[in-house]
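K.L.:
Given next are the chains, with one letter for each unit.
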Amino acid sequence: MSKAMRNAWIYACLFPTFFFIGLFLLYPSIEAFRISFLDWSTSNYLNPRFAGLDNYAELLRDPIFRKSFVILIAFLLWHIIVLQGASILGAYLINYLGKTGLAGFFKVSFTIPMVLPGMVTTLFWLFFYEPSNGMLNYVLGLLGLDNWQRIWLGESQLTAMFAIMMKGFPWVSGLGFLIYLAGFQNIDESLREAARIDGASSWKIFWTVDLQLILPQIRLTTILVLIGGTQQFADQLIMTKGGPGYDTTVPGLYMYNNAFTYGKLGTGSAIGVILFVITLGLTLLNMKFMRERG
Amino acid sequence: MKKFGTTCLTLALIAATMSACGDGNSGSSASPSSIASESVGASPSASQKPVAFTIMHNQGEYAWPSYEKILAGFNEQSGNSAELKYIPAQESESWLQAQFVAKSEPEVVSGTTKLGDAFKNGWIVDLLPYLDEVSPYTNEPWRNSFLPGLIESAIDKSDENNPHLYGIPNQVVTVNLYYNKDIFDKIGVSQPPATITEFLDVAKKAKDAGYIPFSIQNSIDWNLGWLASDVFSYLWKSRLAELDTNGSGKVELKEWSLAVNEGKVTKDSPELKEYLRLLQDLVPYFNEGFNSASWEFEGIFNEGKSAMTLNGSWYPNQHQQGGFPVNYGIAPIPYLDKAYSEFGQDARYNYKIGSTPSFAVTRNAKDNEAESAALRFLQYMTAPEGGAKVLAEELNLIPVVSGVEVPEILKPIMESFGSDEKLEFLANEFTPEQKDRWLKKQQEFLAGKATAEQFLDEYGKDLKKFAAEAIKNHPEWNAK
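Protein sequence lines, in the order shown, are assigned to chains A and B.
If you read the first sequence in my numbering, its first letter stands for residue 826, the second for the next number, and so on.
If you read the second sequence in my numbering, its first letter stands for residue 132, the second for the next number, and so on.
The set of hints was computed from the structure by calculation and includes no laboratory data.
Nothing here was measured: the structure is a model prediction, and the numbers come from that model.
All residues carry an ideal CB built from backbone N, CA and C; glycine is no exception.
Hints are not guaranteed to be accurate.
Claimed, not checked - EDC-like cross-link-like pairs, simulated, lysine to aspartate or glutamate; straight-line CA separation at most 16 Å:
id, chain 1, residue 1, chain 2, residue 2
1, B, Lys-596, A, Asp-864
2, B, Lys-234, B, Asp-498
3, B, Lys-592, A, Asp-887
4, B, Lys-483, B, Glu-283
5, B, Lys-404, B, Glu-473
6, B, Lys-592, A, Glu-883
7, B, Lys-520, B, Glu-199
8, B, Lys-596, A, Glu-883
9, B, Lys-596, A, Asp-879
10, B, Lys-368, B, Glu-402
11, B, Lys-596, A, Asp-887
12, B, Lys-483, B, Glu-546
13, B, Lys-580, A, Glu-980
14, B, Lys-338, B, Asp-313
15, B, Lys-398, B, Glu-589
16, B, Lys-596, B, Glu-393
17, B, Lys-335, B, Asp-412
18, B, Lys-592, B, Asp-567
19, B, Lys-520, B, Glu-539
20, B, Lys-317, B, Asp-339
21, B, Lys-603, A, Asp-864
22, B, Lys-335, B, Asp-316
23, B, Lys-385, B, Glu-291
24, B, Lys-553, B, Glu-283
Stated by the list, open to error - Covered by chain B, according to a simulated footprint, are these stretches of chain A (three or more residues, beta-carbon under 8 Å):
id, region
25, 1061–1075
26, 1080–1086
With the hints as extra help, turn the sequences into a complete structure.
P.N.:
Put into structure tokens, the structure is as follows:
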């Protein structure tokens, strides 16, 4: 019996996975690409018209769409620098505690929030920022800091973006934290020992040994943050609806609004395709960069 | 053997998954035009087989017991097995759109303002032919149950030769001024303000006394939009003859789009500038954070912190259910008076009892052989001894049919009804996108981040584009 025949059952078991990936991931992506060339909205739902590149041209002329990328870049930089930085620091410190009970306690504490549905967390923070009855302004009032109280989600672009960025403080949780922790735990202690013998300070050991050896993990999480961050808009949708005005509208939210609020399916799909191309480009660029550094 | 067993198990799981993907409600073999243009099917008396179907609504939790009671009464009388599905109001529009696209919508739906589009796409049924059928609950034509003029106002007559009724209203929804009687006593105001001038005067007194004069939410356009709707009716009234080209007494969307094309409505229209002037005068009296406020504006009023608010005619029921401490009164929205504006009037317009289509029957009702039962439900819901009575008695909702006693608290609202036609300003909502942009720019204006000129420049920038889009999306207008 040929090898292919002997392995036929393996292919049979794999087939459903690939079938569903094709049906629910690949096919919608191809379909979105096709729809992006149509003048298609809920008003002419039964009679979509081929529009060529009109949707893309309209988007490139749209100041709201262009501005959404500036806002997105701000959120992505925050995620990559601050959130990942906090996760790396938290993972490093917990790893430093070794195999103590305290380390175990912290590991569990930082992992438990992962089991909460994201929407629950977002709704909590929505309440937290509520101007009249929210916890933040209440605590500021108790501390005598009334002049620090703000309409966090609606006063200005600065307060609204700050409020969204602060969600999840102290940000030491999630998949990134676990990946970094595993990375630090896998580093051979003898490397650190050798550096110590050579007179390296703790900071130098962290910077030249630990951080360098978890570069693959950093590459992975950066890619995940870029991919996820480019597409995500749930926080903006729930907390600010993209406001005040369009000050926290990211491309993902603008895509959602075009498709489901304005009923402009062709335009929404065009934004989706643009986001896909950008995500793909960023991923390839990052992989190339990390490969060279590695 | 192990491999064979694993393969069989995998295939069985696939088959089970694929069969679960199929839905009894999905798929429609009838073409949209046949569904949209033909009558649905047999009259209620011809198809008596009990059916199971779903009714979607977006009324809050306070309304559920009453809706369940209506449903139980209907199921008992008709032998059908209808069930309710609740979708929160803020999500119902997008939820319904997804259901229509997926062909999995319930047989009876409500909670969307896009019934016209849904009808064009063949997703819902024209109910106009059924108005003349005899309702089994009144033994007379269904049309006769409704309050005078009410059902006529719900009919879409944009194509005069081919009117349609997309849905049946189940309550007269009005928006009124709700005021805190205790705060009014404290600030020495004996009557609710009847005019904008009086409103600003009362608001100032309330603010000076340390109260929030007027609590609103402006994160969505419902609240301030209600005030705007009333104000615009006065602002544009003097131009009715010019804009109302078909003599219907009101300016419809088609006529607004033509007016924009002909340059009769532009960013320089003085009516718009006057509207913004009014908003600017009102801003100092709004609650803090109104631009991002949601339903907490109601909480502020419920807790007795704000002197006035705008809310719908559903509020008395909410107040009753919630046991809120506020001692409130109801009054018509203050009207734009001549003392405040050159566009104002000497007396308040008393508008006709109007309604908008609410509950619609979908194509799935036909596909699932539930169209008769669905229509029967709508007839029961609007029957004076059926659903209309329950809605009035238990939810303090204004009935759409005659023969139902209105609760005492709602009588000031009923007394404000008359025969004047309300003039709706629609040149800022030709498309959902334009409406959203208007809201966001208004938010910026109210926050002091845009001047009136910038607001109007933004409005005027794409005004003709949106008007053209509306004309393109409504070929039945035969407009150019």
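K.L.:
Now look at each hint and say whether the structure bears it out.
P.N.:
Quick rundown of the hints versus the structure:
Distance check on the hinted pair: B/Lys-596 and A/Asp-864 sit about 15 Å apart at the alpha-carbon level, within 16 Å; holds. Our distance criterion of 16 Å between C-alpha atoms is met by B/Lys-234 and B/Asp-498, whose separation comes to about 10 Å. Between B/Lys-592 and A/Asp-887 the CA atoms are separated by roughly 12 Å; this keeps the pair inside 16 Å, and the hint holds. About 11 Å separates the Cα atoms of B/Lys-483 and B/Glu-283, which keeps this hinted pair within 16 Å; it holds.
Distance restraint check for B/Lys-404 and B/Glu-473: the Cα-Cα separation of roughly 12 Å lies within the 16 Å cut-off, and the hinted pair is therefore satisfied. The suggested pairing of B/Lys-592 with A/Glu-883 holds, with an alpha-carbon distance near 15 Å, which does not exceed 16 Å. The straight-line distance between the Cα atoms of B/Lys-520 and B/Glu-199 is roughly 14 Å, inside the 16 Å bound, and the hint therefore holds. A distance of roughly 12 Å separates the Cα atoms of B/Lys-596 and A/Glu-883; the hinted pair therefore holds under the 16 Å criterion.
The straight-line distance between the Cα atoms of B/Lys-596 and A/Asp-879 is roughly 15 Å, inside the 16 Å bound, and the hint therefore holds. Simply put, B/Lys-368 and B/Glu-402 have alpha-carbon atoms about 10 Å apart, close enough for the 16 Å limit, and the pair holds. This hinted pair checks out: B/Lys-596 and A/Asp-887 have alpha carbons roughly 14 Å apart, not beyond 16 Å. Restraint check for B/Lys-483 and B/Glu-546: satisfied, since their Cα atoms lie roughly 11 Å apart, inside the 16 Å limit.
For the given pair, B/Lys-580 sits about 10 Å from A/Glu-980 by alpha-carbon distance, which is consistent with the 16 Å threshold. The suggested pairing of B/Lys-338 with B/Asp-313 holds, with an alpha-carbon distance near 15 Å, which does not exceed 16 Å. At most 16 Å may separate the alpha-carbon atoms for a hinted pair to count; B/Lys-398 and B/Glu-589 meet this at roughly 9 Å. Note on B/Lys-596 and B/Glu-393: the hinted pairing holds, with a Cα-Cα distance of about 13 Å set against a maximum of 16 Å.
With a CA separation close to 11 Å, the supplied pair B/Lys-335 and B/Asp-412 stays within the 16 Å bound. Proximity of B/Lys-592 to B/Asp-567 is assessed by CA-CA distance (about 15 Å); at most 16 Å being required, the pair is judged to hold. Taking the CA atoms of B/Lys-520 and B/Glu-539, the gap is near 15 Å; set against the 16 Å cutoff, the hint holds. For the suggested pair B/Lys-317 and B/Asp-339, the alpha carbons sit about 12 Å apart, so the restraint of at most 16 Å is met.
At roughly 12 Å between alpha-carbon atoms, B/Lys-603 and A/Asp-864 fall within 16 Å of each other, so this suggested pair holds. For the given pair, B/Lys-335 sits about 15 Å from B/Asp-316 by alpha-carbon distance, which is consistent with the 16 Å threshold. For the given pair, B/Lys-385 sits about 12 Å from B/Glu-291 by alpha-carbon distance, which is consistent with the 16 Å threshold. For the suggested pair B/Lys-553 and B/Glu-283, the alpha carbons sit about 14 Å apart, so the restraint of at most 16 Å is met.
By the rule of at least three residues with a Cβ nearer than 8 Å to a Cβ of chain B, the coverage given for the region 1061–1075 of chain A holds, with 6 such residues. Note: the region 1080–1086 of chain A has 4 residues with beta-carbon separation from chain B under 8 Å; the three-residue rule is met and the coverage holds.
In this structure, every one of the numbered hints holds.
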